[in-house]
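We have chain V; now place chains R and D onto it with these hints.
Protein chains in written order, with my numbering: chain V, 412 to 717; chain R, 412 to 717; chain D, 412 to 717.
Hints should not be assumed to be uniformly reliable.
No copy labels: a pair is met if it fits in one copy or bridges any two.
Within a straight-line C-alpha distance of at most 30 Å, the following computed BS3-like cross-link-like pairs (lysine-lysine) qualify [unchecked claim]:
1) Lys654 <-> Lys609
2) Lys447 <-> Lys533
3) Lys654 <-> Lys496
4) Lys574 <-> Lys610
5) Lys533 <-> Lys574
6) Lys447 <-> Lys661
7) Lys542 <-> Lys609
8) Lys542 <-> Lys496
9) Lys668 <-> Lys614
10) Lys617 <-> Lys654
11) Lys557 <-> Lys609
12) Lys416 <-> Lys447
13) Lys542 <-> Lys557
14) Lys652 <-> Lys496
15) Lys610 <-> Lys557
16) Lys533 <-> Lys661
Don't read these hints as lab results, they were simulated from the structure.
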Amino acid sequence: MGSLKGRDLVSINDFTDAEVQNVLETAVEMEGIIGKPSNLCEGKVLATLFFEPSTRTQFSFQTAMLRLGGGAIGFSDISGTSVSKGETLQDTIRIIESYADIIAMRHSQPNSLSLAAQYSSKPVISGGEGKGEHPTQTLLDLYTIKKELGRLDVHIGFYGDLKYGRTVHSLIMGGSRFGANFTCIAPHSLQMPGEYVKKAEAKGSKVEFCEDVNQVIGNLDVLYVTRLQKERLSPEDDYQKLKSLYHVDKTLLSKMKPKSAVMHPLPRVGEIEEDIDLDPRSAYFRQAANGVPVRMAVIASLLGAK
Amino acid sequence: MGSLKGRDLVSINDFTDAEVQNVLETAVEMEGIIGKPSNLCEGKVLATLFFEPSTRTQFSFQTAMLRLGGGAIGFSDISGTSVSKGETLQDTIRIIESYADIIAMRHSQPNSLSLAAQYSSKPVISGGEGKGEHPTQTLLDLYTIKKELGRLDVHIGFYGDLKYGRTVHSLIMGGSRFGANFTCIAPHSLQMPGEYVKKAEAKGSKVEFCEDVNQVIGNLDVLYVTRLQKERLSPEDDYQKLKSLYHVDKTLLSKMKPKSAVMHPLPRVGEIEEDIDLDPRSAYFRQAANGVPVRMAVIASLLGAK
Amino acid sequence: MGSLKGRDLVSINDFTDAEVQNVLETAVEMEGIIGKPSNLCEGKVLATLFFEPSTRTQFSFQTAMLRLGGGAIGFSDISGTSVSKGETLQDTIRIIESYADIIAMRHSQPNSLSLAAQYSSKPVISGGEGKGEHPTQTLLDLYTIKKELGRLDVHIGFYGDLKYGRTVHSLIMGGSRFGANFTCIAPHSLQMPGEYVKKAEAKGSKVEFCEDVNQVIGNLDVLYVTRLQKERLSPEDDYQKLKSLYHVDKTLLSKMKPKSAVMHPLPRVGEIEEDIDLDPRSAYFRQAANGVPVRMAVIASLLGAK
Chain V
412 MGSLKGRDLV SINDFTDAEV QNVLETAVEM EGIIGKPSNL CEGKVLATLF
462 FEPSTRTQFS FQTAMLRLGG GAIGFSDISG TSVSKGETLQ DTIRIIESYA
512 DIIAMRHSQP NSLSLAAQYS SKPVISGGEG KGEHPTQTLL DLYTIKKELG
562 RLDVHIGFYG DLKYGRTVHS LIMGGSRFGA NFTCIAPHSL QMPGEYVKKA
612 EAKGSKVEFC EDVNQVIGNL DVLYVTRLQK ERLSPEDDYQ KLKSLYHVDK
662 TLLSKMKPKS AVMHPLPRVG EIEEDIDLDP RSAYFRQAAN GVPVRMAVIA
712 SLLGAK
Chain R
412 MGSLKGRDLV SINDFTDAEV QNVLETAVEM EGIIGKPSNL CEGKVLATLF
462 FEPSTRTQFS FQTAMLRLGG GAIGFSDISG TSVSKGETLQ DTIRIIESYA
512 DIIAMRHSQP NSLSLAAQYS SKPVISGGEG KGEHPTQTLL DLYTIKKELG
562 RLDVHIGFYG DLKYGRTVHS LIMGGSRFGA NFTCIAPHSL QMPGEYVKKA
612 EAKGSKVEFC EDVNQVIGNL DVLYVTRLQK ERLSPEDDYQ KLKSLYHVDK
662 TLLSKMKPKS AVMHPLPRVG EIEEDIDLDP RSAYFRQAAN GVPVRMAVIA
712 SLLGAK
Chain D
412 MGSLKGRDLV SINDFTDAEV QNVLETAVEM EGIIGKPSNL CEGKVLATLF
462 FEPSTRTQFS FQTAMLRLGG GAIGFSDISG TSVSKGETLQ DTIRIIESYA
512 DIIAMRHSQP NSLSLAAQYS SKPVISGGEG KGEHPTQTLL DLYTIKKELG
562 RLDVHIGFYG DLKYGRTVHS LIMGGSRFGA NFTCIAPHSL QMPGEYVKKA
612 EAKGSKVEFC EDVNQVIGNL DVLYVTRLQK ERLSPEDDYQ KLKSLYHVDK
662 TLLSKMKPKS AVMHPLPRVG EIEEDIDLDP RSAYFRQAAN GVPVRMAVIA
712 SLLGAK
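So that you can see chain V by itself, here it is in the shape it has in the complex:
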């Protein structure tokens, strides 16, 4: 396993399986120092460049750096930046990398993260790239699965918008590297694209499809629910009708295994009833919380502090 020091995390495939496992183990250690003084990254500065706003992801990165003893600068809105004056992304990156020690960046354009990593001599971490990858989300999903179920070679049911949902694309690829199998639960128009299915199968995963969650719910270790992202749907998709198909409530939960987990990248907008929040299998808030130790582990590793 190579050292992660000085490396980028643009795609989950930037890390070998051993490196992913190592980050997950470091995250366990990071949980232990949350809320306590830490000087692991003292003197270091994280820049969070959110060309596409996402308050939660940005908070999670900033909190991670603060908890490591470092500092954070950043924007979540490009008005007022040099980008609005016509500056190229590569110029922006070259300047920011001369200020900060590490960069977390979110952008809507394909290949923007690769471009940033290419021009930056400092580590670049993707905070999500349009319809593309969101590798720290994948890491925190894997971390959550391992923490909830004790292992990664589990049966995951993806339930929601599998066509446009970036988190499920990343997780089917990430999970397939560690022995997970999948059932994709969606109507035809929102099913998992074939390219991801093929990649997962090439890693040895079994991938099945169904339209009715009830047919498969009893066999799942993880029910991974996603929000329909109205903003990413095609005009011909019927948002209201599609939305009514997804619903996790007490009745559905009663059919799940006693040891299993309901996950959701959040925010939810009606897909999961609040009255199951206190069920021990409802893991989505714990999943969100895991974003901090996992991002601490990534930042500390890329800075060579772990």
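Frame of chain V, contents of chains R and D only:
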């Protein structure tokens, strides 16, 4: 007196009289460490969730946490947050409380702060709730009165918009707990609502009313001036005419006791002439400055660091 | 040389020549601590008040303070501030100076920085004032020239919008104090205003003018390029035509001395071809990077930490 560790501050009534006094004493101590390195809250993170923007209050909270050795994340604009994607307040809070150690929140909706406190396992501090309470403002007002006059059982004249002004509602309730008496100086249409008067009287305070500040100015220990908040007035109120009624100048100040204080929560927009700023009784900038040590005391107390 | 502790930096003329030299020497020292834990300004808070947004300058100030071990608060947008409620600048300053230990402020209005410095008992650093001065930019430009060429008594060619460009106005005045000579390369309508020329000549500098960069390029130590700021041009100026006049490419660079430097305050929007970025004389990204140690030196000096 119970420990404040882990508690919320949504209403000034969340603290007993002894607890309020204790926070005011801690604030004195906090003044002594401003500008010096402190590790009282090292490793801790404050989230400032300002659903309603207020740069000054947010700065004051952030500065307080930085001066305690902690870090701060936060927003002052809900665009880009999950709220804009339809997330409920309770879901937002459950996620933020899993990132941060303590939350300062400002919101325009009634009961939003109580809801946040209910769903958060971490301390929630109100940074102001619509027309409702703003308890840290009340604490810093009490702190200022004690610092300027040496005691809290003073005669306070409220002068300005007493109908819609949240700070005076909070201070009449807060002051009545420590022996203050009040004169409410306002035209009928902007007078102090009866509910607050009754509560103050129930605590033993004397509450009087007048329309002309000159009738009472010589008897006051504190002249507490407020801005007419155009945005909160009813359409039938005549802003310009009402505004002309409030004016603090050298002539008015000359009628005040030698040992007395002019206070104002700021910003002022013409109610107080600049040419009295250097008078020793003009306490409003010292009052604003007191926001930092008072909020340091609140944060440190709720985190169990004091 | 007087101590800089407690002083303001509103104009580069606020510092004597010896004080400027001292800040440049301190900046060398600051470079050595970047990325390492520092407690030089531990416990101190910087407020960055950017009434006019400039993400890069603000980041540079914030990063400088974080690298000194201090903390930062600030805004880059006046919506939500008391200014939007009608507060005067002096009131805003009086409150912020009671929160923070030092203020970096950018504002579009003439004399706003002087006013702020007058009302603040804490040091005020200009982060740029409309068409006026931007003294930390001048310091980082001088620092870059000294670092690139080993001395300050160099021949600088200003190339671009010399009429409206604030950085070149400041640098002709700043450079003239340390023996630099100048050639102003611009069409008549964008030439350096006479007032700056006279001031530089009064310091003993030779100032020449030309329209064609090729006539002078071989004699320059520094080619200082600026962006045409469309937003500051007069309506009668022909932006596209003027823009086509400025172009730095391999051909032009081939005519420069082997030991020389191309500088630009950035962002560039086409004035400099990307294919010269790797030439050792292309100093503009190093120039941007120098903003951090130079601002560290200024902050530390004004706070008395150096």
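Here is how each hint holds up against the structure:
no.: 1; hint: Lys654 <-> Lys609; in the structure: within (27 Å within a copy, 51 Å between copies)
no.: 2; hint: Lys447 <-> Lys533; in the structure: both (27 Å within a copy, 15 Å between copies)
no.: 3; hint: Lys654 <-> Lys496; in the structure: between (40 Å within a copy, 15 Å between copies)
no.: 4; hint: Lys574 <-> Lys610; in the structure: within (15 Å within a copy, 59 Å between copies)
no.: 5; hint: Lys533 <-> Lys574; in the structure: neither (34 Å within a copy, 37 Å between copies)
no.: 6; hint: Lys447 <-> Lys661; in the structure: neither (38 Å within a copy, 53 Å between copies)
no.: 7; hint: Lys542 <-> Lys609; in the structure: within (18 Å within a copy, 57 Å between copies)
no.: 8; hint: Lys542 <-> Lys496; in the structure: both (26 Å within a copy, 17 Å between copies)
no.: 9; hint: Lys668 <-> Lys614; in the structure: within (26 Å within a copy, 58 Å between copies)
no.: 10; hint: Lys617 <-> Lys654; in the structure: within (27 Å within a copy, 59 Å between copies)
no.: 11; hint: Lys557 <-> Lys609; in the structure: within (24 Å within a copy, 58 Å between copies)
no.: 12; hint: Lys416 <-> Lys447; in the structure: both (24 Å within a copy, 16 Å between copies)
no.: 13; hint: Lys542 <-> Lys557; in the structure: within (26 Å within a copy, 47 Å between copies)
no.: 14; hint: Lys652 <-> Lys496; in the structure: between (42 Å within a copy, 19 Å between copies)
no.: 15; hint: Lys610 <-> Lys557; in the structure: within (22 Å within a copy, 55 Å between copies)
no.: 16; hint: Lys533 <-> Lys661; in the structure: between (48 Å within a copy, 28 Å between copies)
In summary, the structure is inconsistent with hints 5, 6 from the numbered list given earlier, while agreeing with the others.
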